[in-house]
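Put together the whole structure using the sequences plus the hints.
Chain order of the listed sequences is W and C.
Numbering-wise (the working numbering), the first sequence opens with residue -15 and increments by one.
Numbering-wise (the working numbering), the second sequence opens with residue 10 and increments by one.
No lab work stands behind these hints, which were simulated from the structure alone.
None of these values were measured; they are calculated from a predicted model.
For each residue, glycine too, the CB sits at the ideal point set by N, CA and C.
Honestly, I wouldn't trust all of these hints.
[Unchecked claim] Heads up, simulated EDC-like pairs for lysine to aspartate or glutamate below, C-alpha to C-alpha not over 16 Å straight-line: (1) LYS306/C x ASP15/W; (2) LYS325/C x ASP15/W; (3) LYS50/W x GLU504/C; (4) LYS170/C x ASP347/C; (5) LYS313/C x GLU504/C; (6) LYS313/C x GLU505/C; (7) LYS68/W x ASP15/W; (8) LYS94/C x GLU72/C; (9) LYS136/W x ASP89/W.
[Unchecked claim] Output of the computed footprint for chain W on chain C, the stretches with three or more beta carbons under 8 Å from beta carbons of chain W: (10) 195 to 208; (11) 236 to 250.
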Amino acid sequence: MTSTTQPIDPLYNPKLRPIIDKIIEDNIDLDGGLMVVLNNLQSKIGFLSAPMQEYVAECLSIPVSKVHGVVSFYSFFTTVPRGKHVIKFCIGTACYVGGITQMVDKAKQMLGIEPGQTTSDGMITLEVCRCVGACSQAPVVVVDEVNNGRMKPAKFTKVIEKVLNDEAAA
Amino acid sequence: MKKYRSMVLISSGESSKSKGSDAVVDAFHQAIEKYDLGAEVCVTTIPDSSSVKNQPLVIVYPEAVAYGPVLEENVDFLVSEHLYKGRVAEALRVSDPFEMKRISWLLQRTGTMPAENRIVLEYVGVIDPTSINDFLTHDGGQAFAAAVEMKPQKIIDIIKKSGLRGRGGAGFPTGVKWQAVRDAPGDKKYIICNADESEPGTFKDRVILEGNPFSMIEAMLIAGYACGADEGYIYIRGEYLDALEKISNALRAAREFGGLGKNILNTGFNFDIHVHSGAGAYICGEETALLESIEGKRGEPRPKPPYPTTRGLWGKPTLINNVETLGNIPPIIHNGADWFRAQGTPSSPGTKVYTILGNVNKTGLMEVPMGITLREVIGIYGKGMKSGTFKFAQTGGSSGSIIPAILQDTPMDFDSYRNVGVALGSGALLICDDSNCIVDCVRVLMRFFKVESCGKCVPCRIGTEQALDIMTAISEGRGTMEHLAQLEWLSHGMEEFSNCGLGQTAGSPIKNMLDHFRAEVEAHIKLGVCPAGVCSMGK
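Here you go:
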């Protein structure tokens, strides 16, 4: 399994460990609880490190391979931490016809990273995602879970600049 | 039940949010507090209407006045004029007669656009999706009340007689499925609402869930009673956070009301519903993959048979219906099978909810009777092509078909489409003009299928990969005539030998391309040019 880039794994972080234990404890008796546990861990902790997956497997008495099988199957689960801000490009057919590839190129050019990568300061992660179901707004760029519809390259430049400026101001 | 003097509905869908509807909602709450109207006025949010120009749209009942676009700074004036002093604020009222038409179904509660006929969407955007009381005062719950008075078999007979067919894409007769679950041996049975709407371009189920979540609960109760089940799941797509919140809230309210749980409303019928959130996998919309996912496993489809109707969730008989299919159930029970049959076409009665997208002037959601034509859809609902001429439409997200211009007068229903070798799909209509290249479009679809193929069975895993390679080669100017024969062979192989619907339909865009656009593909290969000027052709 991949090793994490995090200095301390969430499993050994005294602040995060109780959260992990609570999530597992709440769902340990639930039928098919593995998905629920992983979903909660992903949203509360932000990613699922190798030690976390092993720990979940041990607590739920299922093989690690099964846990990792589920983690690698669903696109919501990540095994490495994401940046502070996540910019997602919808690559559904409507957004593709609407010209989403221009936005991806623009972001690559502005940030110098490819989709799937995070800027070296850990601020912005670029991702491509599945149809977000806002197709009448195509093309859609999702910035920190907020949909920005009817994007054009010039408008999108402002969106990225806003994220960068807000971060610089904070 | 708490009564309000006025009710304020604020549109708060994706499009309105991008225009600041959240701030408008906050401002309304503040202004209502300022004028001390909290006990008399109820403020709530509804999905977007089709009138984009007037978003955020605010509708005030009982006068049924529409205001829009309402900005944050207009709110104080609006509250003081309309709600406090009782005068309609004409300055902010939607005045353009054309725009008014687009929202007037909201005001008159009947369809006014040509041929628009709302059954499933009837109360979407009209009622408060967070209030069970508002649902109950709009005929909500009456179908369930009528259903529990009947024998379960009678309900199934009504559904069968209505001719309702599954709206998820396959068009399987719903009544037959219900009968199979009812007749399956076993005490424990499940009802599942498939809300894992992952087809790119489709968002009808999201709007139904966000606009009228209680109707889903009612339909599942009826299904549970008819099939002899006492537990249900709503499998909702992980991306749909708003819908998840609305449905969770509705379940809580229904439980408090006594509409879920043990001995529902003293009828002696027990039923409870759980919500399961997906985690981003297209394949989980396939019914057996969905079952695996609820059981906490990788969402890999099971071999069929046995069908879920006999061996479904945890090995028990399970009924799985799409959101839109379930949305048709309460109106059918309420109004009868003959009323339903009077709409649509004889083999596909009722209406269909479509999302219309792409190179048309108006994009959005519509519910129309089965059997209208693509030409009508583009002309009437899409307000014509934005640019260029109509070249092809992609139906049903990805696993539909590519409909060439020559088929635009074919009635849109399950059988008429099947007869000409295309599929209706789940309700997305991506309209493409002549600036789009068929090779590029099919290449993107193949990339989608390659990524989303779960990898369990060989024809789909390798077939999608190979098809993508060939399509990429053609688009980069490396295509040969032999490739076309290989594509034909691949699409046939995937259709015949794949385990589930994903692989079985992955080849249909290729088939449609070769049937209707062979000349354009051959231009890429023989002449080395992309007629639409989209493909890179290796430059």
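What hint numbers does the structure not satisfy? 3, 7
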